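Could you put the whole structure together from the sequences, leaning on the hints where they help?
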Amino acid sequence: MFGMLLRAWRYRHFIFSSIKNEFLSRFARSRLGGLWMVIHPLAQVAIFAFILSAVLSSKLPGIDNRYGYALYLTAGMMAWSLFSELVSRSLTVFVDNSNLLKKMMFPRICLPLIVSGSALVNSLLLFVAILAIFALLGHYPGWHILWLPVLIVLNVMLGVGLGLLLGVFNVFIRDVGQVVPIVLQFWFWFTPIVYIPSAISERFKYWLNLNPMTPLVNAYQNILVLGAQPKWLPLTGTAIFAIVSLIFALFFFRKAAPEMADIL
Amino acid sequence: MSKSILQVEDLGKAYRSYGSEWRRMLSWFGAPVKPIEERWVLRHVNFGIQPGEAVGIVGQNGAGKSTLLKLITGTLRPTEGAMRINGRIAAILELGMGFNAEFTGRRNVYHVAGLMGFSQEEIEKVMPEIESFAEIGAYFDEPVRTYSSGMQVRVTFAVATAWRPEILIVDEALSVGDAYFQHKSFNRIREFQEMGTTLLIVSHDRNSIQTLCDRAILLENGMVIKDSNPEEVFDFYNAILAEKGNLTVKVVKLDDGKAQTISGTGEARVEEIALYNSKGEVAEYVNVGEVIELRIKVKVHRPVETLVLGYGIKDRLGQVMYGTNTWHTGQVIHNPRPGDEYRFVIAFPANLGIGSYSIQTALVDRDTHLTANYEWRDMALVFNVINIDKAQFVGCHWNEPNIKIESLIQ
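Heads up: the sequence lines are chains A and B, in that order. For what it's worth, the working numbering labels the leading residue of the first sequence as 24, then goes sequentially. For what it's worth, the working numbering labels the leading residue of the second sequence as 7, then goes sequentially.
You can trust all of the hints, since none of them are fake.
In silico DMTMM-like links for lysine to aspartate or glutamate, alpha-carbon gap of 25 Å or less: (1) B/K190 <-> B/E200; (2) B/K232 <-> B/D211; (3) A/K278 <-> B/E27; (4) A/K43 <-> A/E108; (5) A/K126 <-> B/E27; (6) B/K303 <-> B/E273; (7) A/K126 <-> B/E137; (8) B/K190 <-> B/E128; (9) A/K125 <-> B/E15; (10) A/K125 <-> B/E100; (11) A/K125 <-> A/D285; (12) B/K303 <-> B/E287; (13) B/K285 <-> B/D395; (14) B/K40 <-> B/D16; (15) A/K43 <-> B/D147; (16) B/K131 <-> B/E200; (17) A/K125 <-> B/E44; (18) A/K278 <-> B/E15; (19) A/K125 <-> B/E43; (20) A/K126 <-> B/E128; (21) A/K125 <-> A/E45; (22) B/K40 <-> A/E282; (23) B/K190 <-> B/D220; (24) A/K125 <-> B/D16; (25) A/K126 <-> B/E172; (26) A/K43 <-> B/E127; (27) A/K278 <-> B/D16; (28) A/K125 <-> B/E86; (29) A/K125 <-> B/E27; (30) A/K278 <-> B/E86; (31) A/K278 <-> A/D198; (32) B/K396 <-> B/E299; (33) A/K126 <-> B/E15; (34) B/K410 <-> B/D395; (35) B/K190 <-> B/E137; (36) A/K125 <-> B/E172; (37) A/K126 <-> B/E100; (38) B/K303 <-> B/D371; (39) B/K303 <-> B/E347; (40) A/K126 <-> B/E86.
Hints are computed from structural coordinates only; laboratory data are not their basis. Quantities reported herein were computed from a predicted structural model and do not represent experimental measurements.
Take a look at the structure:
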């Protein structure tokens, strides 16, 4: 396990340049180029803020801003988009790079690391866009925002843990790649992003609390919108889940790596 | 014997099928799951390669060549056996491997060199050299999608060989690209070789293997069936190709240690073969430019529809200097009967360079040896060309010039 990280460290230049390349290739041959990196998240947040608020102008308890719902939704989306990008990209990273895996020798762990890096950059850009739009709407998150890095680390661990596990599965059982996007959609609606948890009947609340994403999304909403501390107790549950899944994924990956090229 | 740079011991690779992938995954965790099927693509492979050696890997499609290369590069793990490698490996397995078509050549070089494990600073240091070696001018800063395949070869080769590896693996890639760059890349390979780089080449091209390699390994059905000098290996390989498993291939060691390979189905055979000089004597040494005769006696053993004799003159590296057959000359023998004997007298001037040559013969039914191969004989005869009375020259072909010199001094 340690050797794997050491090899990845030796390839850090490659990992960084690959992340950069990914962004460059996404905007290659477009006029605005890198500007799109900011425009996309800005547009996403702006849509939530203006259109959704105009349609559903219900106020949220605890926020005295007429854009309250938009702020709430945006904060939840920031948590979810990082998680779902990590899972869905890790899911196909080995299959997508099958040719490279068969022909070139490099530490395989680089691939999920590149995915994580670019998902992180995306999330940070989204964060910048959110801050800008929030300011425009007259909302300034309090000092609790300083907890954000902790939440992001937790989010990445959870996303990579599950994504890597599913990505390895997908090499051997391709149906996994078809099922997971559907599961992710269900998962999205089972997480209080679009609605507030108190709107859910008691019967389902139990299930909501089993969802490791619930405390994480809630913490994002707390620090970005409500100006409150993350709720640490439920987050501990998420952290344990994330660490266990990450360790299991790395173990599984190490066992599977030698046979991956045989199947691809 | 010096320490070998690559030692392969009882190497084997099997693709396993477990019926269900769940069972495969269970096997990683030590569950007692037996694969229901094992398909061995390589087995009991043994060889050692010394620093500076150049080895060609030859074999039919599916013989296990690329699997062997992938095992050596490390992208595949061996199922059994061991492999010891002392040094860095660079592989040119595919044209434009790892390239992104949207990026410039320069950015792709960064990317691929990074994939090889080099750091930013190391890459920057050799970048000018890579650029000048590839010689694609301003295209280096254009997107790769605008490249011709020849340009891609240039960049691929330049980056793969930017640092001298201990082992360089080349798969067919050299056969693409223009003659100029082929020469240039051959030169670089030779330079590396002199500095101690070991070369592994997979190719169907006899010429490139014979010019670069001093040893060849023939793979067939995942096993090494011959490990010798390239000439002998290729003769054997061709015999196998022609034969498609009809008969065993016979190898006769000649007096000078070279091996004669005879194969074929045996409907007709070469009974005698001899070379005569211009005085009508059997000769082993002939003069440059001398008109000589190759006399071949052929006996028919079983009825065939057509009989064609082909022959080729090969130099000591096994490269064909000249070759033709009686199909091309319009002298096909139709419906010979068993017991019939024919004498072929082939006269030609020995317009060859000084050196040792061998004659290869083939008794076939038409212009190729792939439809029927009655007999194929490599090294049927060996002779030497010496220069007795001609002006001194170099090269493998005697092409006597008429040189006129006019003095232009007034």
